[in-house]
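J.: Let the hints inform the model, and build the full structure from the sequences given.
All the letters of the sequence shown, read from the start, carry residue numbers 1130 to 1284 under the numbering used here.
These aren't lab readings, by the way, just hints derived from the structure by calculation.
There could be a bad hint or two in this list.
Taking CB as the label site, the calculated pair distances span [to be verified]:
| hint | residue 1 | residue 2 | range |
| --- | --- | --- | --- |
| 1 | Thr1259 | Ser1235 | 29 to 37 angstroms |
| 2 | Tyr1169 | Ala1245 | 32 to 40 angstroms |
| 3 | Asp1182 | Val1254 | 14 to 22 angstroms |
| 4 | Glu1165 | Thr1207 | 22 to 30 angstroms |
| 5 | Glu1257 | Ser1192 | 33 to 41 angstroms |
| 6 | Asn1217 | Pro1188 | 16 to 24 angstroms |
| 7 | Asp1202 | Glu1257 | 18 to 26 angstroms |
| 8 | Thr1259 | Asp1202 | 13 to 21 angstroms |
| 9 | Val1242 | Tyr1271 | 18 to 26 angstroms |
Remember, predicted model here, so these are calculated numbers, not experimental data.
Note that CB positions come from ideal geometry on N, CA and C, so glycine has one too.
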Amino acid sequence: MKRLIALLIAVLMMVSMTACGSSEDEFASFPWSIGEANSYMFFQSDTVELILDEDTLTPSGASFTLVNNGEVDIQYGTGYSIQVKIQNQWYNVETFGETSSANKASLAAGEEVVIAENWASLYSVLPEGTYRIIKEFSILNYTNSFYICETFEIE
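T.: As structure tokens, this is what we get:
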């Protein structure tokens, strides 16, 4: 009887370890470290939009159009970050290099700009998955920053 109980406990431990390892295996399939879960609060409005140019999307980069439909000028960071979706949760992707939103560019009201991003040097070539790029922006002469994102699939 003791042997049967010991065997049952051993089997339960192996099953629970296998279940715990499945998400770790999913994290290990990426060429970079997975960071913290999403902590961004996103700006949701048609006033400022980030739109993917689907024809330019590759595992190494893409072009996006930043559109200012508002009535005031905005500033946006020239840097960006990328998140990956794993099991319906967004996680920060750790960079190999430095990306900074300290450099700012302006976008006048009613204007748009095409931004070409080559993330291979910062994140490597992205494997298959669901991702989103995150850009920071602010209203000119306003201290608070806002975040906008665009989701894309690498197949």
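J.: Is the hinted range of 14 to 22 angstroms satisfied by the C-beta distance from Asp1182 to Val1254?
T.: 19 angstroms, holds
J.: CB of Glu1257 to CB of Ser1192, is that within 33 to 41 angstroms?
T.: 21 angstroms, violated
J.: Is 18 to 26 angstroms right for how far apart the beta carbons of Val1242 and Tyr1271 are?
T.: 19 angstroms, holds
J.: Could you see if the CB distance from Tyr1169 to Ala1245 stays within 32 to 40 angstroms?
T.: Roughly 23 angstroms apart at Cβ, these two residues miss the hinted range, so it is violated.
J.: Starting from the hint 16 to 24 angstroms, judge whether the C-beta atoms of Asn1217 and Pro1188 obey it.
T.: 22 angstroms, holds
J.: Mind checking the hinted window 29 to 37 angstroms against the Cβ distance between Thr1259 and Ser1235?
T.: Holds - the Cβ-Cβ distance for Thr1259 and Ser1235, about 31 angstroms, lies within 29 to 37 angstroms.
J.: Within 22 to 30 angstroms: is that where the Cβ-Cβ distance between Glu1165 and Thr1207 falls?
T.: 23 angstroms, holds
J.: Is 18 to 26 angstroms respected by the C-beta to C-beta distance linking Asp1202 and Glu1257?
T.: Violated: the Cβ-Cβ distance is about 39 angstroms, outside 18 to 26 angstroms.
J.: Just to be sure I understand the hint, the distance between the Cβ atoms of Thr1259 and Asp1202 should be within 13 to 21 angstroms; is that true here?
T.: 33 angstroms, violated
The earlier numbered hints that this structure contradicts are 2, 5, 7, 8.
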